[in-house]
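**Student:** As they're listed, the protein sequences go chains A and B.
Residue 221 in our numbering sits at position 217 of the first sequence; the count goes up by one each step and never skips.
Residue 454 in our numbering sits at position 450 of the second sequence; the count goes up by one each step and never skips.
The reader is advised that the hints may include incorrect statements.
Intra- or inter-copy, both count: the list cannot distinguish identical chains.
[Claimed, not checked] Dumping the calculated DSS-like pairs for lysine-lysine here, alpha-carbon to alpha-carbon at most 25 Å:
| hint | residue 1 | residue 2 |
| --- | --- | --- |
| 1 | Lys478 | Lys42 |
| 2 | Lys437 | Lys165 |
| 3 | Lys268 | Lys287 |
| 4 | Lys165 | Lys273 |
| 5 | Lys230 | Lys430 |
| 6 | Lys106 | Lys437 |
| 7 | Lys92 | Lys522 |
| 8 | Lys273 | Lys106 |
| 9 | Lys522 | Lys430 |
| 10 | Lys340 | Lys106 |
| 11 | Lys230 | Lys522 |
| 12 | Lys106 | Lys522 |
| 13 | Lys522 | Lys445 |
| 14 | Lys72 | Lys268 |
| 15 | Lys273 | Lys479 |
| 16 | Lys230 | Lys437 |
| 17 | Lys50 | Lys437 |
| 18 | Lys73 | Lys273 |
| 19 | Lys337 | Lys106 |
No lab work stands behind these hints: they were computed from the structure.
Number of protein chains: 2
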Amino acid sequence: MSDFELNRRGLIGAGLIGATMVGLAACDKATLAPGVSKADFAGAIKAMRGVVGDEWVFGDPEAVTPWKKNYIPDPEGRHVPVGAVAPKTVEEVQEIVRIANKYRQPIWPVSTGKNMGYGMATPATPGQIVLDLKRMNRILDVDPELGTALVEPGVTYQQLKDYLEENNIPLWIDVPTVGPIASPVGNTLERGVGYTPYGEHFTFQCGMEVVLPDGQVMRTGMGSIKGTTAWQAFKWGYGPYVDGLFTQSNFGIVTKMGMWLMPKPPVYKPFMIRHDDMADVPKIIEAMRPLRVSSLVANCNLMMSASYQLAMFKRRNEIVPDGRPLDDASVKKAAKANGLGMWNTYFALYGTEQTVAAIEPIIRAQLTASGGEVMTAAEMEGNPWFHHHATLMQGGLNLDEIGLLRWRGAGGGLAWFAPVAAAKGKEAEAQTKLARGILDKHGFDYTAAYAIGWRDLHHIIALLYDKSDREQEKKADACYRELVSTFGENGWASYRTGVNSMALVAEQYGQVNRDFNKLLKNAIDPNGVIAPGKSGIV
Amino acid sequence: MSDFELNRRGLIGAGLIGATMVGLAACDKATLAPGVSKADFAGAIKAMRGVVGDEWVFGDPEAVTPWKKNYIPDPEGRHVPVGAVAPKTVEEVQEIVRIANKYRQPIWPVSTGKNMGYGMATPATPGQIVLDLKRMNRILDVDPELGTALVEPGVTYQQLKDYLEENNIPLWIDVPTVGPIASPVGNTLERGVGYTPYGEHFTFQCGMEVVLPDGQVMRTGMGSIKGTTAWQAFKWGYGPYVDGLFTQSNFGIVTKMGMWLMPKPPVYKPFMIRHDDMADVPKIIEAMRPLRVSSLVANCNLMMSASYQLAMFKRRNEIVPDGRPLDDASVKKAAKANGLGMWNTYFALYGTEQTVAAIEPIIRAQLTASGGEVMTAAEMEGNPWFHHHATLMQGGLNLDEIGLLRWRGAGGGLAWFAPVAAAKGKEAEAQTKLARGILDKHGFDYTAAYAIGWRDLHHIIALLYDKSDREQEKKADACYRELVSTFGENGWASYRTGVNSMALVAEQYGQVNRDFNKLLKNAIDPNGVIAPGKSGIV
Chain A
5 MSDFELNRRG LIGAGLIGAT MVGLAACDKA TLAPGVSKAD FAGAIKAMRG
55 VVGDEWVFGD PEAVTPWKKN YIPDPEGRHV PVGAVAPKTV EEVQEIVRIA
105 NKYRQPIWPV STGKNMGYGM ATPATPGQIV LDLKRMNRIL DVDPELGTAL
155 VEPGVTYQQL KDYLEENNIP LWIDVPTVGP IASPVGNTLE RGVGYTPYGE
205 HFTFQCGMEV VLPDGQVMRT GMGSIKGTTA WQAFKWGYGP YVDGLFTQSN
255 FGIVTKMGMW LMPKPPVYKP FMIRHDDMAD VPKIIEAMRP LRVSSLVANC
305 NLMMSASYQL AMFKRRNEIV PDGRPLDDAS VKKAAKANGL GMWNTYFALY
355 GTEQTVAAIE PIIRAQLTAS GGEVMTAAEM EGNPWFHHHA TLMQGGLNLD
405 EIGLLRWRGA GGGLAWFAPV AAAKGKEAEA QTKLARGILD KHGFDYTAAY
455 AIGWRDLHHI IALLYDKSDR EQEKKADACY RELVSTFGEN GWASYRTGVN
505 SMALVAEQYG QVNRDFNKLL KNAIDPNGVI APGKSGIV
Chain B
5 MSDFELNRRG LIGAGLIGAT MVGLAACDKA TLAPGVSKAD FAGAIKAMRG
55 VVGDEWVFGD PEAVTPWKKN YIPDPEGRHV PVGAVAPKTV EEVQEIVRIA
105 NKYRQPIWPV STGKNMGYGM ATPATPGQIV LDLKRMNRIL DVDPELGTAL
155 VEPGVTYQQL KDYLEENNIP LWIDVPTVGP IASPVGNTLE RGVGYTPYGE
205 HFTFQCGMEV VLPDGQVMRT GMGSIKGTTA WQAFKWGYGP YVDGLFTQSN
255 FGIVTKMGMW LMPKPPVYKP FMIRHDDMAD VPKIIEAMRP LRVSSLVANC
305 NLMMSASYQL AMFKRRNEIV PDGRPLDDAS VKKAAKANGL GMWNTYFALY
355 GTEQTVAAIE PIIRAQLTAS GGEVMTAAEM EGNPWFHHHA TLMQGGLNLD
405 EIGLLRWRGA GGGLAWFAPV AAAKGKEAEA QTKLARGILD KHGFDYTAAY
455 AIGWRDLHHI IALLYDKSDR EQEKKADACY RELVSTFGEN GWASYRTGVN
505 SMALVAEQYG QVNRDFNKLL KNAIDPNGVI APGKSGIV
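Turn these sequences into a full structure, and let the hints guide you.
**Tutor:** Right, dumping it as structure tokens:
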């Protein structure tokens, strides 16, 4: 599919095409933001129409429907936007920001709005207008020699990959889950992580253009130097490094982002390590850590539980009958039948024939000693799980993980809980035990993975439930909150969280940090119009 | 030398030991900061004495002498501190900050104050009290499994290396120039660069403790989570990533810093590539870039001009008679006699016997094709320049580059000019030409190197002059300003600069960025007491 087709599909999916100007009567039912009157809201909508055209502003509940869809538990319906606006240019974004200030109307910027399991396009607090940047989808520059790109927020990973392939540029992208429809800008600003050696997306970001809450445009790094050629070559610029301020925050709207791309290596060899026991967690982490710290294994790799793996391609009632807990024996049986262990650790080697051949025996010895079975394409040919990770670890794209949404039925409920730990076996062992206990208590499954970073673990727990079942949604909400709180009491906090839990997680990072963020917020966005509630900052 | 001896020597060197309480009469002659009365200054000094003890506060011009020493041109004497205070604890730093606010007395924090060629401990504007953190010199934690450390600002690279060696911990440090006396905290906060694969120091920083201008203590990243074990394991934390705000800036005082340390590889093999012509610049960059972008060459490597190399160990009048320009023929002759080319590019391979053996032929072919001679320890045994870089590229320590200060006599004048470019041959060629023209016009030598980063170049130009010659100092000042301005007009700005040129460089980064920094400054430090003038932010 071409980038244009894909984007068109994305726009259709979000209901942008074919929408027409509608009255504001219906917004009586919607909850406006604190301090925003109906007249303010109507004034803002009208003014935005003047900027981007009627067809790209959506101000009544029906037209806004496409931006309301999310998968996280929201039993009180707090995460409902009251409108959406889709500008095409930076100048339009500037105008929208000025309008937001004039009417004190909060706006919630999204890139493509596919933050699946974290809230999609929905805002943290009621009454916001989604600022949908999907139409700003130009690939502005790719430098094949430097291995860099400059993209707008609406560019998808698929679009970027297509561009590279169509132009025979031997650079790889690094994708997150649901890469085809997700945006490099959006994922990087959330500090998302992928699967190749360039998987820590924020590390490989280089230069931004930001519309500040006062409507001014700022370029970071080297981007503000007249005539610069180094905007995408050198990250830090001069003076305070501010790019981090625009990640997981509400201090500005990123309208361009530079990124580094990995040169395609001559040889790529994916591995899967099978461990057969849920209790193998500490052994695996202890075996992997030295490989990661030394960069012998250089990619951001995933240690996937069998249940997470099964949930991608199977339904829960294929493993155990409805109403029964997901016991280890049943999972093991199903895993075995599908060529999986209870833990399946995926990584790859990247290099030349000789370097890969030199490293392989070292990792084989280390992981075999940990009790793992070392599998490669030779043994796993045709296995869909191996194929899935083998694709991702070379920057390939697929939507396999959307299958998680069907694990418990068609209702599509998913909330990621992602606490961080140091990459130590004991930490992971204790986290797994704690998570299983809480999930079990609330009647949910431990469908989880560990992303093994350079020195850290992201414990990626998919809380899967049926959102069409109101009671189950309430239980999922309670379970999620207990996960966050109990992990916090044990010293583990999330690296990222959904719009349903942003303030809760922010509390765990302490009063001084919250005060500091608030101080910055007040200075940069005194009217509080950009994404109130994002990361708990209002 | 043990860390204690070294530190003691450092303290003695800075005049801290043996100083006594002195009267304030002499400060009549010193320039106080704008808006600070003699009574304010006296009040601040007295209050600081109450906090840290008389022996660690220096309030008269004579006692302050050790903090006045720098090597940059300062013909108008603007960079002269009026006092110094050396706390031992975070609580003392907090108290000092509160005192500074009370009396509106600006303080200029330094770690060990060895920012050689950028101003040492001297402040950007007159009237500041140096906040010397040298006594806060504890190594608080080293985790051999994770490869992490947590250090205070006064810890030197030498001290950290000694600690690792004494405890048989197989981790390397990455040092900047003058590593033995410099501080990891100070260098990282300046976003300095070293020589190993961990050479981008800010990339390998993980977690900070900061005393904010209001006296509160904030921990960044995971550091504010109660009971966390991940403070040094995971960089980003949650919400806006703020660590960058405390680099090259004046928004807070970093009192603890986490850092990642590289595991000692089984095999380390240093290389030197000799090119014989000054005009080889673009060829070398074009040959090195793909090796760097692909990480085949993984370390921060240096492409050293013969003149820079000679200036480390020779005096100028050993190459050409005094008063004569430093012509290429004379430099080439001296270089050749010392086993050097006109450009000497140093990098290393790190890995196992097999991986190094696999990569070596690739780089040899690439660099030989560029016209370079590939040299290793086999050919360069005993060569002091090769030895110098071979030491640094494995995290070893030496003070060889202090020799630069003697190039033009005992007067010790050095100002680094460090413009950035994308790693492209044409950019470097044009920069070299431009720099040589300006230096030549003012009667100075092109003693320069290129630090070849992942995708960027730091053109590191040592402006060497005799500071004991007032006229030469003035010329050096004019030359430096012309370098900054003319490079800026061509789209090239510095990644870092000395206290003599901070505002000048800040201008090149544009009004919007300056306004944004000022907005942050006003919010975070409303009384402007932390390091006014740092990076041009007042």
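**Student:** None of the hints should be skipped; say for each whether it holds.
**Tutor:** Okay, the hints, checked on the actual structure:
| no. | hint | verdict |
| --- | --- | --- |
| 1 | Lys478 x Lys42 | neither (31 Å within a copy, 66 Å between copies) |
| 2 | Lys437 x Lys165 | neither (39 Å within a copy, 39 Å between copies) |
| 3 | Lys268 x Lys287 | between (32 Å within a copy, 23 Å between copies) |
| 4 | Lys165 x Lys273 | within (20 Å within a copy, 37 Å between copies) |
| 5 | Lys230 x Lys430 | between (52 Å within a copy, 18 Å between copies) |
| 6 | Lys106 x Lys437 | neither (51 Å within a copy, 52 Å between copies) |
| 7 | Lys92 x Lys522 | neither (31 Å within a copy, 31 Å between copies) |
| 8 | Lys273 x Lys106 | neither (56 Å within a copy, 63 Å between copies) |
| 9 | Lys522 x Lys430 | neither (36 Å within a copy, 46 Å between copies) |
| 10 | Lys340 x Lys106 | neither (61 Å within a copy, 70 Å between copies) |
| 11 | Lys230 x Lys522 | between (33 Å within a copy, 21 Å between copies) |
| 12 | Lys106 x Lys522 | both (21 Å within a copy, 24 Å between copies) |
| 13 | Lys522 x Lys445 | neither (36 Å within a copy, 51 Å between copies) |
| 14 | Lys72 x Lys268 | neither (39 Å within a copy, 52 Å between copies) |
| 15 | Lys273 x Lys479 | neither (42 Å within a copy, 59 Å between copies) |
| 16 | Lys230 x Lys437 | between (55 Å within a copy, 20 Å between copies) |
| 17 | Lys50 x Lys437 | neither (53 Å within a copy, 56 Å between copies) |
| 18 | Lys73 x Lys273 | neither (38 Å within a copy, 56 Å between copies) |
| 19 | Lys337 x Lys106 | neither (61 Å within a copy, 70 Å between copies) |
Hints 1, 2, 6, 7, 8, 9, 10, 13, 14, 15, 17, 18 and 19 from the list above are not met by this structure, while the remaining hints are.
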